[in-house]
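Q: In this text, residue positions in the sequence shown follow UniProt numbering: the first is 1, and each later residue adds one.
Keep in mind that the hints are not guaranteed to be accurate.
With a straight-line Cα cutoff of 20 Å, these simulated EDC-like cross-link-like pairs (lysine to aspartate or glutamate) come out [unchecked claim]:
no., residue 1, residue 2
1, K73, D111
2, K404, E366
3, K44, E54
4, K347, E392
5, K144, E186
6, K389, E348
7, K253, E313
8, K389, E373
9, K21, D60
10, K206, E179
11, K17, D109
12, K255, D300
13, K396, E417
14, K362, D323
15, K52, D94
16, K43, D90
17, K73, D109
18, K73, E126
19, K74, D46
20, K356, D343
21, K270, E313
Simulated from the structure, these hints should not be mistaken for lab results.
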Amino acid sequence: MTLRLVSNSYLEESTTKIRVKQVPWEGYQRAGHITLEELALIKKVDRQPKAKTEPLLLSDGQTYASLYLGLLKKLQRVDTLQSILVLIADALTDHEERIVLFTEASRSDPDLPFGPLLRILETQDEFVQLKTSQILTVLLSAEKGPLQQWQLQPLLNYLSLCVQGTSQNKRDVAVQCLEAILPRHEVRQAVWAIPGILSGLVDILKSNQNPQMNYQVGFCFWLLTFETEIAEQINLKYDVIPLFISVAQTAAKEKVVRVNIATLRNLVTKAPSANLPAMLVAQLLPFVKNLATRKWSDEDILEDVHFLRDELEARFESLTTWDEYTSELTSGHLSWTPVHSSDLFWKENVTRLNEKDHFYLKRLIELLRSSQEPIVLAVAAHDLGQYVKYYELGKKIVTDLGAKTRAMELMSHNSQEVRYQALLSVQRLVSHPWQSV
1 MTLRLVSNSY LEESTTKIRV KQVPWEGYQR AGHITLEELA LIKKVDRQPK
51 AKTEPLLLSD GQTYASLYLG LLKKLQRVDT LQSILVLIAD ALTDHEERIV
101 LFTEASRSDP DLPFGPLLRI LETQDEFVQL KTSQILTVLL SAEKGPLQQW
151 QLQPLLNYLS LCVQGTSQNK RDVAVQCLEA ILPRHEVRQA VWAIPGILSG
201 LVDILKSNQN PQMNYQVGFC FWLLTFETEI AEQINLKYDV IPLFISVAQT
251 AAKEKVVRVN IATLRNLVTK APSANLPAML VAQLLPFVKN LATRKWSDED
301 ILEDVHFLRD ELEARFESLT TWDEYTSELT SGHLSWTPVH SSDLFWKENV
351 TRLNEKDHFY LKRLIELLRS SQEPIVLAVA AHDLGQYVKY YELGKKIVTD
401 LGAKTRAMEL MSHNSQEVRY QALLSVQRLV SHPWQSV
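Generate the whole structure from the sequences, applying the supplied hints.
A: Below is the structure:
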């Protein structure tokens, strides 16, 4: 991996300024922080043009790699750390073959190359943190064996803060770093264990960033969904299926459509039962049917679209009204689909809400309590009334689960539809006598 794969205008502009700054190397030597030999070596490359530094790196690359890392370990001043990081980055830029010079430094000191870099991630300087992240990403990507937790965790913790923060520079660099290391299985597992990264990436997509950022975040999700465990749980935890569909629907760039459709395909391939129902609820089928009629420069898009269309159509044909209803409940996206107003559906299926210790009834009540969407609240209040209407013991169960109080609260909601459905639900709750008393 080349250093240029993680690039950012702020980093590049700051690097240019730092490259010409003077560092008190002689003062460090007089104070005993560096040796005379180290001083002589660093003076040969300090603030020197590439034409002078390249021959030195060609002939003594290992010496300079160990020198730079050793200086990071010894010195603490922020401006000095900035300069050393620039020297490291300059050595690595366009020279992937030099990565090994830094990783081989561990032969002379087991703390190298990662120890000093991981420690200075805690330095309260944006340039130091981002430049270190850039360099760490290159070195970690080049590791031949599985990455160890001590190598990976500090970087991921920092990237988590970046993707959740408001700094555009930090978000930009963090997403690029994640793109570069997520091809590794152990990184995907480690990222999945950090909710802040996932929620941060979701928030970036929701904020409708520029097409390039949407593509890069989508690429991160595509890589993550190669893990079966992640594919099984990611929509349940982060409600990403409607988001991926929305981003693809509004995308101006073909590559943004491609990466989101490819991610949806991963979800179906790795965990069909967990994701196909939610995709049907989110109206993916009509969308992919529409995509299938378009012309694409990338044939992979059409292949993925046809795959999704065929899988969704097969699922739709075998879908019962109960499957449709539970899919809506699970996804949390209740809407006025025909199943809600069907008297036949409620007569035939009302008792199924009691199965598994009232699992689906509790999910309905959870949506009634937690959703911020008026349509979800209105449909949930309506369904609660239908449950009480068609199940004789329903009132006591609903009251015991605390839903009666919530329904009464919704009678003063600012949405007229929510108020109306809550009123009907409460009327049924108070008008039907408890059959169990």
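Q: Give a verdict on every hint.
A: Taking the hints in turn, this is what the structure says about them:
| no. | hint | verdict |
| --- | --- | --- |
| 1 | K73 <-> D111 | holds, 9 Å |
| 2 | K404 <-> E366 | holds, 12 Å |
| 3 | K44 <-> E54 | holds, 11 Å |
| 4 | K347 <-> E392 | holds, 12 Å |
| 5 | K144 <-> E186 | holds, 13 Å |
| 6 | K389 <-> E348 | holds, 13 Å |
| 7 | K253 <-> E313 | violated, 27 Å |
| 8 | K389 <-> E373 | violated, 25 Å |
| 9 | K21 <-> D60 | violated, 24 Å |
| 10 | K206 <-> E179 | holds, 19 Å |
| 11 | K17 <-> D109 | violated, 31 Å |
| 12 | K255 <-> D300 | holds, 11 Å |
| 13 | K396 <-> E417 | violated, 25 Å |
| 14 | K362 <-> D323 | holds, 17 Å |
| 15 | K52 <-> D94 | holds, 16 Å |
| 16 | K43 <-> D90 | holds, 16 Å |
| 17 | K73 <-> D109 | holds, 11 Å |
| 18 | K73 <-> E126 | holds, 19 Å |
| 19 | K74 <-> D46 | holds, 17 Å |
| 20 | K356 <-> D343 | violated, 23 Å |
| 21 | K270 <-> E313 | holds, 18 Å |
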